[in-house]
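Colleague: Sequence:
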Amino acid sequence: MKFKSLPWHNFWKFLKITREKQLMKIPVFALCIVLFMASCSSVKNLDATLPKDISERPADENSQKYDQAQLDKLKASIESEISKEKCKDASEWTFAPMGAKGCGGPQLYIAYPKKMESSILPKINDYTAKVKAFNQKYSTVSDCMMVMPPASIKCVNGKAELVNS
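Position 129 of the sequence shown, counted from 1, bears residue number 129 in this note's numbering, the numbering being contiguous throughout.
Possibly wrong hints are sitting among the right ones.
[Unchecked claim] Estimated spans, in silico, between C-beta atoms of each pair:
#1 K159 / G104: 24 to 32 Å
#2 S83 / M37: 40 to 48 Å
#3 N157 / A38: 56 to 64 Å
#4 K86 / V141: 36 to 44 Å
#5 P149 / S83: 19 to 27 Å
#6 Y138 / D89: 37 to 45 Å
#7 S118 / S80: 17 to 25 Å
#8 D126 / Y66: 16 to 24 Å
[Said to hold, decoys possible] Calculated lysine-lysine pairs in the DSS-like style (CA-CA distance at most 27 Å, straight line):
#9 K123 / K159
#10 K123 / K88
#11 K115 / K130
#12 K75 / K65
#13 K101 / K123
#14 K75 / K115
#15 K75 / K132
#16 K86 / K159
#17 K114 / K84
#18 K154 / K75
#19 K84 / K154
#20 K86 / K73
#21 K154 / K114
#22 K101 / K75
#23 K101 / K65
#24 K137 / K65
#25 K84 / K130
#26 K115 / K84
#27 K132 / K101
#28 K115 / K88
#29 K86 / K115
#30 K65 / K130
#31 K114 / K88
#32 K159 / K88
Everything labelled a hint here was simulated from the structure, so no lab data went into it. Beta carbons are placed, not taken as given, at the ideal position from N, Cα and C, and that holds for glycine.
Throw the hints in and build the complete structure from the sequences for me.
Modeller: In C-alpha cells form, the structure reads like this:
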C-alpha cells in the first residue's frame, strides 16, 4: 500500500490502527523487561550458593582427598599467621609439636612467638586433633620414625628456625 493512493480518511484510519498496535506492544515489552530483570536476580541468588572455586566444591566431602585438602588449608593458615611475625630475638619464640603420624608422635615441630601463644596454640592443637582423626578414619600408615624435639630456636633473616641437636 502506498500512502499517495489512499484517500485521507483511510490514511487517518491507518495511522490510528498502527498507533493502537504500537500501544499494545508497550505492555508486552514492559512485561518482558520485568521478567528479564526477575530472572537476572534469581540467577544472582543461585550463584551465591555455588562454590567460587572448583577446589571448594563439596561434591566429594567424604573423600580422603577432600579431607587432606582441608587439613592442608588449616596448616597453611597457621603457618601464614606465624610468618607475619618477624624473628628478632630467639628468646621471644618457642615451639610446639604439630600434626600426628599414623604410628603416633608428632609430624613436625613448629616455632611461634610466645606473645601469640594464647591464639596460635589452640589452632595447632586443633590441627593435631584433626590429623589424628584423619589417620584413624583412613587407617593411614607412616614411616614411624620418631621426630625429635628441636634443641633451640635461632633467628635467620627475620624467620625463626628450629635447631636440632
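Colleague: Next, verify each hint and record whether it holds.
Modeller: The hints, checked one at a time:
no.	hint	verdict
1	K159 / G104: 24 to 32 Å	29 Å, holds
2	S83 / M37: 40 to 48 Å	47 Å, holds
3	N157 / A38: 56 to 64 Å	58 Å, holds
4	K86 / V141: 36 to 44 Å	38 Å, holds
5	P149 / S83: 19 to 27 Å	21 Å, holds
6	Y138 / D89: 37 to 45 Å	41 Å, holds
7	S118 / S80: 17 to 25 Å	18 Å, holds
8	D126 / Y66: 16 to 24 Å	18 Å, holds
9	K123 / K159	20 Å, holds
10	K123 / K88	24 Å, holds
11	K115 / K130	25 Å, holds
12	K75 / K65	15 Å, holds
13	K101 / K123	18 Å, holds
14	K75 / K115	20 Å, holds
15	K75 / K132	14 Å, holds
16	K86 / K159	6 Å, holds
17	K114 / K84	14 Å, holds
18	K154 / K75	22 Å, holds
19	K84 / K154	17 Å, holds
20	K86 / K73	22 Å, holds
21	K154 / K114	14 Å, holds
22	K101 / K75	15 Å, holds
23	K101 / K65	17 Å, holds
24	K137 / K65	12 Å, holds
25	K84 / K130	24 Å, holds
26	K115 / K84	13 Å, holds
27	K132 / K101	8 Å, holds
28	K115 / K88	13 Å, holds
29	K86 / K115	12 Å, holds
30	K65 / K130	14 Å, holds
31	K114 / K88	13 Å, holds
32	K159 / K88	8 Å, holds
Checked against the numbered hints listed earlier, the structure breaks none of them; every hint is satisfied.
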